[in-house]
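Asks: Numbering (our numbering), first residue to last: 938 to 1312.
Just to be clear, a hint being listed does not mean it is correct.
[Stated by the list, open to error] Below, simulated BS3-like cross-link-like pairs (lysine-lysine); rule was C-alpha separation at most 27 Å, straight line: (1) LYS1225 with LYS1257; (2) LYS1100 with LYS1187; (3) LYS1233 with LYS1215; (4) LYS1100 with LYS1027; (5) LYS1233 with LYS1257; (6) LYS1257 with LYS1215; (7) LYS1225 with LYS1215; (8) LYS1073 with LYS1100; (9) LYS1225 with LYS1187; (10) LYS1187 with LYS1233; (11) LYS1215 with LYS1187.
Worth flagging that the hints you see were computed from the coordinates, not collected in a lab.
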Amino acid sequence: MTDTVSITEHREATEVAVRLVDCDVHPVPRSYAELREYLPEPWRSRRFPERLFAGDKSTPYVTPQQLPGARADAQPPTGPNGSDPEFFAKQLFDDLGVDYAIMNPLTVPKMVNPEHEAIRAAATNSWQHEAWLNSKVNAHGRLRASITIPSGDNDLAIQEIEKWAGHSLFAHILINPYVGPPFGEPSYYPIWEVATRHDLPIGLHFSRSTGLALLTPVGFASYLVEHHSMYAIPYLNQLVSMVMEGVFEKFPTLRVVFIEGGSGWVGPLMWRLDRFWKEFRSELPWLKRAPSEYIKENVRISSQPIEEPPQHEDLVRMLKHMHAERILMFATDYPHWDGDYSPDQLFRGLPTAVQQKILCENALDFYRLPSTRRT
């Protein structure tokens, strides 16, 4: 699909250097009636299409804030948090100083029926395009969208990718990492192939339906704090699978970002993988380099939720261990209550050049974004 958005050229506009890229923000429909309008036929005309969205009205955990997932001051005049493009843009661009923001809608959880999942993805992509990318607040293209795809049917997923891949304001292909088989398996090769053919990164972000709490190797967590603390576990499994089963050797230009799983686990994982690769490398003849080299080359990690040790020096040390200057990208998780909204404080203690890498330069390179933007 070719661009239908015209990025308005204002005579008085000037170019300014990009200093802050937010790799994870969450737009939300004003209601599921709004998203319903973007359902493809024949689903839109059927009697009960709202059943497709009914499972998203509650959460399996008791949350500590009044509005689930909401930052108290991010409530727009009308609609839920994250649903008003103008209010959204004001808080991100004007108040926080973000130059570009990557939108990751969480409207396509893993579903039992892949066709249902596919039409939700199709509706979500059309909604992003019409309601957000074509909105007046996006005249200069500072909001970038995600191509959401279903996880249970490669043909339906590729159909959706091909539909939007030619649109320059779609930044990456959004996949739920909590879907079933490990990503190193050949069944995912068609997705990786089409992504590299279109030079589109893969964005991994959790999304689940009501009642589907985070399953761990020892069962389900009972409390939100447990659930929230263990997001890294499936990410760790998926990253190991992709690296060790040779995905980045077979698809050397594939770029993958792990979103909202923290980052403190990445450095020790690289050490461990490199150590055991040296001892068992005969088992993996397809790996031509140490596992950590593939991670540094092909993988990026979003910064939110940042680890907060009692001594900030420990965070600085952790970031050095994980090669943050190469693989870490800033994210707020706006408008969620547990986001990281102080970019000037998060990475203090690191050299200025490294902070610039994390706050903007790594994302500019990963998403092929321009280094300047119009005001």
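Asks: LYS1225 and LYS1257: Cα distance at most 27 Å?
Replies: Holds. LYS1225 to LYS1257 sits at ~25 Å (cutoff 27 Å).
Asks: Given the hinted pair LYS1187 and LYS1233, is their alpha-carbon gap at most 27 Å?
Replies: Between LYS1187 and LYS1233 the Cα gap is close to 16 Å, so the pair holds against 27 Å.
Asks: So if I understand the rule, the pair passes when the alpha-carbon distance is 27 Å or less; does LYS1215 with LYS1187 pass?
Replies: Cα-Cα ~20 Å, so holds.
Asks: Check whether the Cα positions of LYS1225 and LYS1215 lie no farther apart than 27 Å.
Replies: holds, 12 Å
Asks: Do the alpha carbons of LYS1225 and LYS1187 lie within 27 Å of each other, as the hint requires?
Replies: holds, 11 Å
Asks: Under the criterion that the straight-line Cα-Cα distance not exceed 27 Å, is the pair LYS1073, LYS1100 satisfied?
Replies: holds, 23 Å
Asks: Between the alpha carbons of LYS1100 and LYS1187, is the straight-line distance 27 Å or under?
Replies: Distance ~25 Å between LYS1100 and LYS1187 Cα, so the pair holds.
Asks: Hint check: LYS1233 vs LYS1215, CA-CA at most 27 Å. Holds or violated?
Replies: Cα-Cα ~18 Å, so holds.
Asks: Between LYS1233 and LYS1257, does the CA-CA distance stay at or below 27 Å?
Replies: holds, 13 Å
Asks: Holds or violated: LYS1100 and LYS1027, Cα atoms, limit 27 Å.
Replies: Roughly 30 Å between the alpha carbons, so the hint for LYS1100 and LYS1027 is violated.
Asks: Taking 27 Å as the top limit, are the C-alpha atoms of LYS1257 and LYS1215 close enough?
Replies: holds, 23 Å
The earlier numbered hint that this structure contradicts is number 4, and it is the only one.
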